[in-house]
Amino acid sequence: MDFDLSEEQRLLKESIDRLMRDRYGFEQRKVYARQPDGWSRELWRQYADLGLLGLPFDPQYGGFGGGPVETMILMEAFGKALVLDPYFATVILAGGCIRIAGSEAQKTALLPKIAEGKLLGAFAHSERDSRYDLADVQTTARKDGAGWVLDGEKTVVIHGDCADKLIVSARVSGGPRDEDGIGLFVVDGKAAGVSRKGYPTQDSLRAADIALKGVKIAAGDVLGEPGKAYAHIERVAQSAIASLCAEAVGGMQEMLDITVEYLKTRQQFGVPIGSFQALQHRAVDMLVATEQARSMAMFAAMMIDEKDPVERSKAISACKVHIGKSARYVGQQSIQLHGAIGMTQEYKVGHYFIRSTMIEMLFGDTDHHLAALAKAGGLIAPASAA
Amino acid sequence: MDLRFTPEEIALRDEVRAFCKTAQPESIRRKLILGQHLAREDYVTWQRILDAKGWGAPHWPREWGGKGWSAVQLYIFNEELQRAPALLPDLHNTGQVGPVIIAFGTEKQKRRFLPRIRNLDYWFCQGFSEPGAGSDLASLKTSAVRDGDDYVVNGEKTWTTYAHMADWMFALVRTDPTAKKQKGISYLLIDLKTPGVTIRPIITMGGVHRINEVFLDNVRVPVENRIGEDNRGWEYAKYLMGNSRTNVVRLGLARAHVERAKQLATHVMVNGTPLSENERFREKLAAVEIELKAIEITIMRIVAERMKNPGYQQDPKSSILKLKASELHQIATEILLEVAGPLAMPAQPEFLELETDLSIGPGWAASAAPTYFMNRSWTIAGGSSEIQRNIIAKRILGL
Chain W
801 MDFDLSEEQR LLKESIDRLM RDRYGFEQRK VYARQPDGWS RELWRQYADL
851 GLLGLPFDPQ YGGFGGGPVE TMILMEAFGK ALVLDPYFAT VILAGGCIRI
901 AGSEAQKTAL LPKIAEGKLL GAFAHSERDS RYDLADVQTT ARKDGAGWVL
951 DGEKTVVIHG DCADKLIVSA RVSGGPRDED GIGLFVVDGK AAGVSRKGYP
1001 TQDSLRAADI ALKGVKIAAG DVLGEPGKAY AHIERVAQSA IASLCAEAVG
1051 GMQEMLDITV EYLKTRQQFG VPIGSFQALQ HRAVDMLVAT EQARSMAMFA
1101 AMMIDEKDPV ERSKAISACK VHIGKSARYV GQQSIQLHGA IGMTQEYKVG
1151 HYFIRSTMIE MLFGDTDHHL AALAKAGGLI APASAA
Chain D
1289 MDLRFTPEEI ALRDEVRAFC KTAQPESIRR KLILGQHLAR EDYVTWQRIL
1339 DAKGWGAPHW PREWGGKGWS AVQLYIFNEE LQRAPALLPD LHNTGQVGPV
1389 IIAFGTEKQK RRFLPRIRNL DYWFCQGFSE PGAGSDLASL KTSAVRDGDD
1439 YVVNGEKTWT TYAHMADWMF ALVRTDPTAK KQKGISYLLI DLKTPGVTIR
1489 PIITMGGVHR INEVFLDNVR VPVENRIGED NRGWEYAKYL MGNSRTNVVR
1539 LGLARAHVER AKQLATHVMV NGTPLSENER FREKLAAVEI ELKAIEITIM
1589 RIVAERMKNP GYQQDPKSSI LKLKASELHQ IATEILLEVA GPLAMPAQPE
1639 FLELETDLSI GPGWAASAAP TYFMNRSWTI AGGSSEIQRN IIAKRILGL
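Residue numbers (the working numbering), protein chains in the order written: chain W, 801 to 1186; chain D, 1289 to 1687.
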């Protein structure tokens, strides 16, 4: 058992923390949000220079060769800073699809470009009625000579507005919710038949609804075996959840810190309100929830590489449930303990609350994962009969 | 960062597991599974089996018969005993008075008490709480007045766990009534056979006798049974509180309760299908299992941190564990009670006290309600949840 970061990981953490401190203050973030993409291209280049955009990729693809712990370190720092950049969409999701499902040629062609900051990606998977069911794909892929033709609509594709390449899931065969029969396709954002409607999301990120009408795909742009992509999608979703857990923990820690600071400075009845036991105990429960969530984010990072798919999936569901509940608790309390000021847009804490609310909705909410875990038999095996 | 146990740690776990299987008398194991009450001899027998193996107080230094185990090793050991299930070395003895004697006792005290604590020749109970001093422990009033080579002790201790089984009591007493609260307290070891000691049972909900009142009426305690210096007892007691909370969480027990609830739920039918198949029940359990997993990792994080600074120390983070783990203990027994349902309703003290072998309904259901009642104490004893929150607010959050 070892909870220490390696020397390399410690240096990584220091450099990311320093970058966030210098470049991602709350006021600077407002400036980035007003840029045309809703984030800073200049900072993106800096991420590339620091090797962050290839963090989870193997060095042979121009990556840093980092594992789940490195991603956890980075996402926690991003959560603290409330970053707006398309890192999750490009590196974790699109990069994850290519890394996990792609051929040697595809990885060689695409991953170095992502790592260099020259290619933005997005994962066009969710649809209007799919909610949290990863197998619910109604967009179709029809064989067309050696290639394919895609038709359908994807909704709330995170950073789908600016992506150079979309990784689109589409049904090759089978019924609308079958795990079997789903394919993953690399689609150029500007390809004929692709129309995108971009918009901001509640948390000041960007997303797009994307219509695909007779979009032609070359045979070389299919990731993995067409029809067998479900297992890949599941793995990408699991890495996505692990990174969201880390991001949420960063946000929770920040909400806790801001709130405790406020309790110490805000005066009412002639004393700091932090002297009131009712508020102290609430703040303590926020701390406990944050620490427990941190433990679960570590557990998620550890279980991403678990070989047993059932154990892995149960563990990741458990983490998402915990993070969902605890982030909701910490978020709601941080607003409550601030009182009216916490409700305002100019004050920081509400932005964290909003982001953590959105995180709960990504890749399965608390109820979804609790049901999945319960169905799979939970984390603890029954005692053997006495 | 690697959250898995090392091969050495796994080897220790397997060794403890195998030892419990072969060395624990079946009669004790059976009582633990059924929630029946253990006799004094059961505790002593098992403690001596452990001690013979060198595990009577494995976290003590080797020179005092321990193994010098780290916090991680102790954690693994405790977890395995609880899963067996087997009794843990009594916390008040090997976890509290022992370490205080090791840290602050004289050579003579160490030689006299430590070996006897390890094998339960001397069973100590804790004399801290008083009728007027609960959460506000430092307001305790039991007085000790110096008279030659003795103290004369007068007062009343209460909620004293296992005083009726114990030989000795480690007590906080007021030696300087003029000093500020915490400053005038001393730490005495009191032989319970001394004239003037009266122990009266307190029966808790469900008819259980575990705690007692202890009246001290002109009890003469030799000065040589004082630990450390006069009026510094509060420091000595406080010194191990943060420490003992890591061990006090006893999460393995909550985990064992959940494992057991899951197994029993396969036998309990709801509308013709096993309760274990019921969706609502499964989700409720899953939610508890998630919390358990989180606290398990949190404990290991805190334990690992402590490993870097060996030796006993106060760590306010241990309050997080106490707070969370005690709630989980309660929830786990709550679930066991729900599994039993109406089968838990018959009151069967004779079965639990082993005055009869026969239970009304299945034996496992007889202790479900009393255990649930008794476990309400988890969030009260050893510093209530509210006190833990006060500690965290002050010492971690700086409020």
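One thing to keep in mind: the hints can contain errors.
Which chain D residues stay away from chain W? Per the calculated CB distances, all over 10 Å, these [stated by the list, open to error]:
hint, residue
1, Glu1297
2, Glu1547
3, Ala1575
4, Glu1577
Result set (DSS-like, lysine-lysine): computed pairs, CA atoms no more than 30 Å apart in a straight line [said to hold, decoys possible]:
hint, chain 1, residue 1, chain 2, residue 2
5, W, Lys813, D, Lys1596
6, W, Lys990, W, Lys1016
7, D, Lys1319, D, Lys1355
8, W, Lys1148, D, Lys1319
9, W, Lys1125, D, Lys1605
Think of the hints as simulated: they come from the structure by calculation, not from any bench. Heads up, the beta-carbon is just placed ideally off N, CA and C, and yes, glycines get one too.
Hints and how they fare:
For D:Glu1297, the shortest C-beta to C-beta distance to chain W comes to about 7 Å, within the 10 Å cut-off, and the non-interface label is violated. For D:Glu1547, the condition that its CB be more than 10 Å from all CB atoms of chain W is violated, with the nearest at approximately 4 Å. Not every C-beta of chain W lies more than 10 Å from that of D:Ala1575, the closest at about 6 Å, which undercuts listing it as non-interface. Distance to chain W contradicts D:Glu1577 as a non-interface residue, since its nearest Cβ pair spans about 4 Å, not more than 10 Å.
Proximity of W:Lys813 to D:Lys1596 is assessed by CA-CA distance (about 21 Å); at most 30 Å being required, the pair is judged to hold. For the hint pairing W:Lys990 with W:Lys1016, the CA-to-CA distance comes to about 12 Å; that is within 30 Å, so the pair holds. About 29 Å separates the Cα atoms of D:Lys1319 and D:Lys1355, which keeps this hinted pair within 30 Å; it holds. Pair hint W:Lys1148 plus D:Lys1319 does not hold up; C-alpha atoms about 57 Å apart against a cutoff of 30 Å.
A threshold of 30 Å between alpha carbons decides the hint, and for W:Lys1125 with D:Lys1605 the separation of about 22 Å falls inside it, so the pair holds.
Consistency with the previously given hints fails for numbers 1, 2, 3, 4, 8, ordered from lowest to highest.
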